[in-house]
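J.: Quick note, the sequences are listed as chains S and Z, same order.
For the first sequence, the working numbering assigns the number 1 to the initial residue and increments by one for each residue that follows.
For the second sequence, the working numbering assigns the number 1 to the initial residue and increments by one for each residue that follows.
Calculated directly from the structure, the hints in this document are not laboratory data.
A virtual CB, placed ideally from N, CA and C, is assigned to each residue, including glycine.
You may find that some hints are simply not true.
As the list claims (entries may be wrong) - DMTMM-like cross-link-like pairs, simulated, lysine to aspartate or glutamate; straight-line CA separation at most 20 Å:
#, chain 1, residue 1, chain 2, residue 2
1, Z, Lys24, S, Asp181
2, Z, Lys90, S, Asp136
3, Z, Lys135, Z, Asp84
4, Z, Lys90, S, Asp281
5, Z, Lys126, Z, Asp99
6, S, Lys219, Z, Asp84
7, Z, Lys90, S, Asp181
8, Z, Lys90, S, Asp93
9, Z, Lys180, S, Glu37
10, Z, Lys180, S, Asp181
Stated by the list, open to error - Example chain S residues on the side facing chain Z (calculated, C-beta under 7 Å, incomplete):
#, residue
11, Leu34
12, Leu35
13, Glu40
14, Thr42
15, Asp44
16, Met49
17, Asp67
18, Thr143
19, Arg177
20, Ile252
21, Val291
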Amino acid sequence: MYYSINNFIMFKKDLLILCAFLFSISSLFAQDDLLDELNENTQDSSYEMPAFKAMKIGNLQSTKMADQGDFYLIVSHRFGPLKDGFDTFLGLDEASTKIQLLYSFWEGVQFSISRESYNRTLAASAKIRLARQSKDFPVNLVTYATVNRNTLIDETIFPDLKSSDRQSYATQLLVSRRFSDKFSFQLAPTYIRENLQNLNVVPEEKFNQFALGFGGRYKLSKRISFNAEYVYNMSRAKSSPFDNSYAFGLDIETGGHVFQLLFTNSQSSNEPGFMSSAEGDMVFGFNVVRVF
Amino acid sequence: MKKVAITLFLLVSFSTFAQKYYTKTGNTQFKASVQAFEPVEATNNSTTAIININSGEIASLLFVKAFNFRVALMQEHFNENYMDSGTFPKATFKGLISDFDFSEISSTEKKLLLKGILTVRGVEKKIETLATFSKNEDKLLMEASFGVQPEDFNIKIPKIVSDKIAGTINISLAYEFIEKK
């Protein structure tokens with residue numbers, strides 16, 4: 001009898017210990033649970049950060065856009081050919097300047113106007129964002145269109161010149177992806193319309209041209225990246241004196257500024273200009289992007 | 001024997017089916033503004049947080065990229081240059097509210113000590129502050145604020161902007177919890 005009571009007490013003790021053990025496990029479990037529970041049940045629905053720092057990779061438009069209400073001033077210089085050496089101080093004597101104003105009235109829509117020394121070109125452009133990279137969508141999609149007007153051509157040299165001959169156009173689809181914090185890549189299929197074909201310069205008329213641009217960036221540090229781009233013009237005649245354009249250089253970001261120091265083979269930084277008629281000699285240039 | 005079984009059952013069930021209150025739209029703000037300069041502040045309206053009302057344990061989580069700034073470019077710089085949001089997308093807090101008794105919280109505000117660990121950019125920091133609790137119908141409201149320093153989380157501020165960013169960043173939060181069923 002004594003033995004069995006004792007046994008029962010022992011059993012009860014065991015139960016209590018088991019019970020306390022279970023309780024501690026469950027409360028321990030509950031403790032870790034809270035943050036894990038949040039981790040499991042929340043998803044980042046925000047957009048990926050922009051693939052590029054500035055609105056251009058070099059010459060080529062990037063998918064980066066001004067945010068609503070942001071006003072930008074962009075000053076670009078393209079100097080003369082480096083190969084001219086000391087005669088022109090590596091081309092610095094011959095500067096082509098572009099001054100561009102850029103504004104976004106609505107989120108995802110950006111307008112700009114500009115004037116470039118090269119061919120005294122006036123330009124207007126619009127950029128519209130179609131989609132942004134996020135967990136649900138793999139790329140940034142942006143459309144771009146620009147109208148250029150060459151105000152340099154002289155009617156005394158081209159007596160038959162019509163006003164519309166001064167115009168050229170480009171329209172692009174920009175597709176970019178930020179693969180990592182450091183590396184981004186972009187494709188830019190482009191259609192170019194040039195109303196003036198000077199047969200003294202080009203061997204045959206190519207009013208309509210198709211080009212494929214591509215470019216990317218690799219961040220060297222938080223505020224500095226290496227950018228490069230190439231544009232393959234599919235419509236160019238074999239004997240054309242013009243080359244496919246390239247640009248490579250550094251983006252240096254300091255607060256509200258981005259400095260883009262680059263080397264390219266084109267004097268013009270407008271799309272119809274550098275995509276159809278890059279002269280081929282390497283020049284130094286820069287874009288200074290300032291937000292207000 | 002029966003009693004023991006019942007106690008066991010009660011204890012286990014009590015702890016596993018702990019009552020929880022949660023929110024997915026918690027408001028977390030920070031201010032690092034310096035007078036006379038452009039305000040440096042942002043709001044996150046999608047903070048998730050959860051309270052175990054039996055134990056007073058609390059946890060919260062937010063996505064750093066979801067902080068909204070008035071100036072979009074500032075938001076981009078915040079994420080890319082300071083917070084490394086690509087590498088460290090989340091900031092979390094895990095802690096305990098001292099002497100938390102759900103039945104004692106009413107529509108009048110009650111201040112309780114909140115202690116825990118804040119993790120930002122993978123760096124942990126102990127936080128201790130007074131939090132205000134109250135009830136509004138079926139909601140449990142919580143408000144708190146505390147200060148942190150960028151150095152606490154190895155955030156480097158370049159010299160040229162150091163004048164424009166406050167040395168102590170004030171973080172304030174306002175969460176409206178509802179019962180989790």
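J.: The structure should be examined with respect to each hint, and the outcome stated for every one.
T.: Do the hints match the structure? See the list:
no. : hint                : verdict
1   : Z/Lys24 x S/Asp181  : 28 Å, violated
2   : Z/Lys90 x S/Asp136  : 18 Å, holds
3   : Z/Lys135 x Z/Asp84  : 37 Å, violated
4   : Z/Lys90 x S/Asp281  : 49 Å, violated
5   : Z/Lys126 x Z/Asp99  : 19 Å, holds
6   : S/Lys219 x Z/Asp84  : 13 Å, holds
7   : Z/Lys90 x S/Asp181  : 16 Å, holds
8   : Z/Lys90 x S/Asp93   : 52 Å, violated
9   : Z/Lys180 x S/Glu37  : 12 Å, holds
10  : Z/Lys180 x S/Asp181 : 37 Å, violated
11  : Leu34               : 4 Å, holds
12  : Leu35               : 4 Å, holds
13  : Glu40               : 10 Å, violated
14  : Thr42               : 5 Å, holds
15  : Asp44               : 5 Å, holds
16  : Met49               : 6 Å, holds
17  : Asp67               : 3 Å, holds
18  : Thr143              : 20 Å, violated
19  : Arg177              : 14 Å, violated
20  : Ile252              : 13 Å, violated
21  : Val291              : 6 Å, holds
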